[in-house]
Amino acid sequence: KTVTIGNQTWMAENLAYLPSVVGPGTGSYSNPYYYVYDYNGTDLSAAKATNNYNTYGVLYNWPAALTACPAGWHLPSDAEWVQLETFLSNNGYRYDGKTGPQSDSETVQDKIAKSLASESGWWSYSGTGTVGSTDYPAYRNKSGFTALPGGSRYDSGAFGELGGFGYWWSSTKGSSSYAWSRYLYYLNSRVDRYHSLKGFGFSVRCVRE
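The sequence shown begins at 1 in our numbering and counts up one residue at a time.
Derived by calculation from the structure, the hints in this document are not laboratory data.
The reader is advised that the hints may include incorrect statements.
Here are the computed lysine-lysine pairs in the DSS-like style, where the Cα-Cα straight-line distance is at most 25 Å [what the hints assert, rightly or not]:
| id | residue 1 | residue 2 |
| --- | --- | --- |
| 1 | Lys-173 | Lys-98 |
| 2 | Lys-98 | Lys-48 |
| 3 | Lys-98 | Lys-1 |
Here are the in silico distance ranges between beta carbons for each label pair [claimed, not checked]:
| id | residue 1 | residue 2 | range |
| --- | --- | --- | --- |
| 4 | Ser-45 | Thr-128 | 15 to 25 Å |
| 5 | Gly-6 | Asp-38 | 27 to 37 Å |
| 6 | Thr-99 | Ser-28 | 14 to 24 Å |
| 7 | Gly-160 | Ser-45 | 18 to 28 Å |
| 8 | Thr-9 | Thr-128 | 28 to 38 Å |
| 9 | Lys-48 | Thr-172 | 40 to 50 Å |
| 10 | Pro-19 | Ser-124 | 30 to 40 Å |
| 11 | Thr-42 | Thr-99 | 16 to 26 Å |
| 12 | Ala-49 | Gly-163 | 34 to 44 Å |
| 13 | Asn-54 | Gln-102 | 34 to 44 Å |
| 14 | Asn-7 | Ser-45 | 31 to 41 Å |
| 15 | Asn-40 | Glu-209 | 21 to 31 Å |
We put the CB at the ideal spot given by N, CA and C, even for glycine.
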């Protein structure tokens, strides 16, 4: 499944490429590791049989994410995420119907999360325009991106946040142990840019070359 948003074509589901699998207690900032939420073994067929694999795909540490996308696709850079956010903000995907940031305190990431998030799977919340709210139904997943709340593998060696958060890597590194990512949170109406330890396990969305 793919979706074209502006001049970019994205995968409309989380990547599920899984060449090997480990439990959350194994991690690295430099060696690739692949995780399936709540799966604690090393058996590929068992991991692929889980509901979490079939719904949310794979959680990748940053070294794994860099090479996970298939031929003709790549892990989006931080700038490519900004391109997506800017298009959505400027082309009618803010839940308030406005075009672009409305004050000095706003950015292109504000008020577009509802247009990215899947309509189901998120924890519920009543806050206006938030990912977890059913308000503004015309804007729910308006982009077709279908961002899923796949949670994460913490750098500390545990899984968490399934249903509340979705995280996605960029290919852009920060300082030596960090790289840039994005997340959606059920309590928020914005997309957040996050400087993340490379050992975290996050979802991947590939963008077409």
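C-beta pair Ser-45, Thr-128: status relative to the range 15 to 25 Å that was hinted: For Ser-45 and Thr-128 the Cβ distance comes to about 45 Å; the hint is violated.
Supplied distance hint 34 to 44 Å, evaluated on CB atoms of Asn-54 and Gln-102: 40 Å, holds
Outcome for the supplied range 18 to 28 Å, where the beta carbon pair is Gly-160 and Ser-45: 25 Å, holds
Gly-163 and Ala-49 - C-beta distance against the hinted 34 to 44 Å: Cβ of Ala-49 to Cβ of Gly-163: about 21 Å, so the range 34 to 44 Å is violated.
Lys-48 versus Thr-172 beta-carbon gap, inside 40 to 50 Å or not: 30 Å, violated
28 to 38 Å as the expected CB spacing between Thr-128 and Thr-9, which holds or is violated: Holds, at about 31 Å.
Status of the given 21 to 31 Å range, CB of Glu-209 versus CB of Asn-40: 36 Å, violated
Restraint status (C-alpha distance of Lys-173 to Lys-98 at most 25 Å): 32 Å, violated
Range hint compliance [Cβ, Gly-6 to Asp-38, 27 to 37 Å]: At 35 Å between Cβs, range holds.
Pairwise beta carbon distance, Pro-19 to Ser-124, judged against the given window 30 to 40 Å: With Cβ atoms ~36 Å apart, the hint holds.
Cβ distance range 31 to 41 Å for Asn-7 and Ser-45, holds or violated: 39 Å, holds
Restraint check for Lys-98 with Lys-48, where alpha carbons must lie at most 25 Å apart: 42 Å, violated
Violated hints, in rising order: 1, 2, 3, 4, 6, 9, 11, 12, 15; the structure is consistent with all others.
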